[in-house]
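Visitor: Work out the full structure, taking the sequences as your base and the hints as a guide.
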Amino acid sequence: MSTESLARWQFAITTVYHYLIVPMTIGLSVLVAAFQTAHYRTGKPEWDAAARFYGKLMIVSFTLGVATGIVQEFQFGMNWSDYSRFVGDVFGAPLAMEALVAFFLESTFLGLWVFGRDRLSPRQHLATIWLLATGTVASAYFILAANSWMQHPVGWAFDPVSGRAELTSIWAVLTNTTQLVTFPHTIFAAFMTGAGVVLGVSAWHLRRGITSHADGAMHLRMHRATLRASAVVVLGAGIGVSAVGHLQGQVMTDQQPMKMAAAEALFETRSSAPFSLFTIGDEETLDSRFEISVPYGLSLLAENDPNAEVLGIRDVQADSVTRFGAGDYVPTVWLAYWTFRLMIGLGAVSMLLAAIVLWRQRRGRVLADRRLLKVAGWAGLLPFAANAAGWIFTETARQPWLVYGVLKTEDGLSPGVSTTEVASTLVGSTLLYAGLGFIALRIFLKISRQGPITPVSDADPWLSPPDHRPDPEQSAPEPALVD
Amino acid sequence: MLPEFWFVLIAVLWAGFVLLEGFDFGVGALLPVLSRDETDRRLLLRTIGPVWDGNEVWLLTAGGATFAAFPEWYATIFSGFYVPLALILLGLILRAVCLEYRHKVESSRERAWLDRGLVLGSALPAVLLGVALANWVRGVPMDAGYNMTGSLWSLLSPYALLGGVTTALLFTFHGSVFIALRTTDELRARALRLAGQLGPAFVVAAAIWLGWSLSLRGSAFAAVLAVLAVLAAVGAVLAVRASREGFAFLGTAVTSALLPPFVFACMWPFVLPGRGTPGLTIEAAASSPYTLKIMTVVALLVTPVVIGYQAWTYWVFRQRLSRPPVSAVDLRDDVAVGR
Numbered sequence: 059m060s061t062e063s064l065a066r067w068q069f070a071i072t073t074v075y076h077y078l079i080v081p082m083t084i085g086l087s088v089l090v091a092a093f094q095t096a097h098y099r100t101g102k103p104e105w106d107a108a109a110r111f112y113g114k115l116m117i118v119s120f121t122l123g124v125a126t127g128i129v130q131e132f133q134f135g136m137n138w139s140d141y142s143r144f145v146g147d148v149f150g151a152p153l154a155m156e157a158l159v160a161f162f163l164e165s166t167f168l169g170l171w172v173f174g175r176d177r178l179s180p181r182q183h184l185a186t187i188w189l190l191a192t193g194t195v196a197s198a199y200f201i202l203a204a205n206s207w208m209q210h211p212v213g214w215a216f217d218p219v220s221g222r223a224e225l226t227s228i229w230a231v232l233t234n235t236t237q238l239v240t241f242p243h244t245i246f247a248a249f250m251t252g253a254g255v256v257l258g259v260s261a262w263h264l265r266r267g268i269t270s271h272a273d274g275a276m277h278l279r280m281h282r283a284t285l286r287a288s289a290v291v292v293l294g295a296g297i298g299v300s301a302v303g304h305l306q307g308q309v310m311t312d313q314q315p316m317k318m319a320a321a322e323a324l325f326e327t328r329s330s331a332p333f334s335l336f337t338i339g340d341e342e343t344l345d346s347r348f349e350i351s352v353p354y355g356l357s358l359l360a361e362n363d364p365n366a367e368v369l370g371i372r373d374v375q376a377d378s379v380t381r382f383g384a385g386d387y388v389p390t391v392w393l394a395y396w397t398f399r400l401m402i403g404l405g406a407v408s409m410l411l412a413a414i415v416l417w418r419q420r421r422g423r424v425l426a427d428r429r430l431l432k433v434a435g436w437a438g439l440l441p442f443a444a445n446a447a448g449w450i451f452t453e454t455a456r457q458p459w460l461v462y463g464v465l466k467t468e469d470g471l472s473p474g475v476s477t478t479e480v481a482s483t484l485v486g487s488t489l490l491y492a493g494l495g496f497i498a499l500r501i502f503l504k505i506s507r508q509g510p511i512t513p514v515s516d517a518d519p520w521l522s523p524p525d526h527r528p529d530p531e532q533s534a535p536e537p538a539l540v541d
Numbered sequence: 039m040l041p042e043f044w045f046v047l048i049a050v051l052w053a054g055f056v057l058l059e060g061f062d063f064g065v066g067a068l069l070p071v072l073s074r075d076e077t078d079r080r081l082l083l084r085t086i087g088p089v090w091d092g093n094e095v096w097l098l099t100a101g102g103a104t105f106a107a108f109p110e111w112y113a114t115i116f117s118g119f120y121v122p123l124a125l126i127l128l129g130l131i132l133r134a135v136c137l138e139y140r141h142k143v144e145s146s147r148e149r150a151w152l153d154r155g156l157v158l159g160s161a162l163p164a165v166l167l168g169v170a171l172a173n174w175v176r177g178v179p180m181d182a183g184y185n186m187t188g189s190l191w192s193l194l195s196p197y198a199l200l201g202g203v204t205t206a207l208l209f210t211f212h213g214s215v216f217i218a219l220r221t222t223d224e225l226r227a228r229a230l231r232l233a234g235q236l237g238p239a240f241v242v243a244a245a246i247w248l249g250w251s252l253s254l255r256g257s258a259f260a261a262v263l264a265v266l267a268v269l270a271a272v273g274a275v276l277a278v279r280a281s282r283e284g285f286a287f288l289g290t291a292v293t294s295a296l297l298p299p300f301v302f303a304c305m306w307p308f309v310l311p312g313r314g315t316p317g318l319t320i321e322a323a324a325s326s327p328y329t330l331k332i333m334t335v336v337a338l339l340v341t342p343v344v345i346g347y348q349a350w351t352y353w354v355f356r357q358r359l360s361r362p363p364v365s366a367v368d369l370r371d372d373v374a375v376g377r
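Going line by line, the protein sequences match chains W and Z. Just so you know, our numbering puts 242 at position 184 of the first sequence, and the rest follows in order with no gaps. Just so you know, our numbering puts 344 at position 306 of the second sequence, and the rest follows in order with no gaps.
Careful, some of the hints might be misleading.
[Stated by the list, open to error] Covered stretches of chain Z, going by a simulated chain W footprint (3 or more residues, C-beta under 8 Å): (1) 108-120; (2) 265-275; (3) 329-341.
Because the hints were derived from the structure by calculation, they are not lab data. A virtual CB, placed ideally from N, CA and C, is assigned to each residue, including glycine.
Guide: Next up, the structure:
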């Protein structure tokens, strides 16, 4: 493989992995803050138990997010130094702001939240979790502003003397139209992910029913409350993702017509374009052979007009050649097409599951519906795959551009870095990440199965003796999450 | 003017990183040396538990600030120091995960493995940072596009290796003094004894390395910083002898915080001196005046707030940590580990 392919694979693997974790952390931190607020306001023990229980899962997730995030901060310089040289004046600013504003906030207040229970007032302690949650969301804002600039560069000018892109308006970069739709889309999806985890775990515990634990009844109340809350969030955030996603599709059609055409495998420009559900096509000849589609769907999606004309791959390719010179401007169409569908489909299924859970739980009927509780666990997994699919789509369908219309991916590499170096860090990071993922998943499942621990203790989490209670799940069925 | 200001500011970020993460690395690397049982290990790690992550962000911010203020510098060093940086990242990842997850696994065997990862993850960056900093002072061969051209082995000169030894000794010395300051009784005494051995070794290594650095690329200002750093370290050694860990920590903190500014003072007016060629200057590496202006406003607004809440964190967790009464300790783990 060429250095370029290896560097791209490395970026893809480390980023997709990192972004399996991050949305869960963002979503869980906001939910834990909400649970703790509910306890602060109502004094109900089940909210306290919920905040502590899901707080533990958030820490597991946060740790892995931090560990894999370090690579992200440095990878641009390691494998993509010509990119960094060319865009650093613009792209570096949001990255530095992310570290300064968001990373410090989330990391410092995580420490205070975890270890500060017996040293802070309840009010101060509640403030620390909200500051932590604010940090995670702010972090997303800055890094998405940086990414949006790669999708749709604004607020910059080419300086012929320095030969690089230079920032002309930070305001334009931070309020890029792409960013204004990408940020809510991504944050809503993160809420779906965090809430999906809560939904899955709650459903699993509810399926097991009441335990012999002294607080068993309270635990049951807690799982019912979190099931309901998380289903509301999955559904509500899902509606948010879809609504913003629609706007995003229109921005994308306008700014990156090739990406929309690839997402639809729309080879020829046409008006009243249908939204394709399934296509078998030929990438060599740019022809589709067989497809199932919703009439007028794509025209509606892209332009809010059933008769609107949507540009096809051939025309965008021809147009790109006139604008940017000879070259292949077509991304990997099958990948764009299927990841786009996977993203939407998986998101829709988890919304549907959440809606069914909400409907069934009105009179407590959900507790009797063991099959639904089992299936609901899957709602916890789907958003992860949907996030990954969405990012694979948005990044690969921008190719061959690294910065759309400005810098090609092949021109961004590090000239001095050898293929061996990239190959060894690619293999090394993949193995390391796989190992860490295995450990993290085991811990995550162990804590999930263990459930809330009551009576609650404010004792120091690292100094108190390990919890040696026998694992109540040892003879119980496997959780729905791994069924 | 602004590029020089940012050069200084990035030196300050590095200083914050070495000052704070220095003892985190030290505590992690010394874990097997200073602990006798699982309770010891918990106490030792708990000294950095609430703060290590916030401390690490100083490095991330230094990296981000370098990207924003000196893209050319960021691109050159991160691609040029590819292998050492990859190993430092490996260390940071291992340390983060092992440190947090060791408290979440059930079996003592798993915990022992995670502890090995933690020790490696702390020791690796402690050595490699010194190697990297030494190469910054010594200068590296670069082509006209500022791409580093030397091989990996050219980074491992005796001078650079001594740099690695110096930072490793500094971090473990700083870490042992920090432990003495944060614990009581037996652990404190053990940490003080170890600091008494590491301190003099560090002073000798630092004196040679700093002198060597000055002979390679000296300036009067750098010499002043070097002398102050050594004096502070000597003060720390004397304070350790007198069992005054508060003053000793002040000394190791000053030494740690002076190390990056010393390196930066040696490099001035370059962000990366060349070998054969003059090197990459502050001016040539800097971002546009507009970007620097924006970043200056953000940094001046946010940095004091960050220092404020981080200082508050240390205040909240100021209490020394002690072993609980024997009866309250669950010793099963230690039996299982087979100590």
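Visitor: Now tell me, hint by hint, if it's right for this structure.
Guide: Status of the hints after comparison with the structure:
| no. | hint | result |
| --- | --- | --- |
| 1 | 108-120 | holds (count 11) |
| 2 | 265-275 | violated (count 0) |
| 3 | 329-341 | holds (count 7) |
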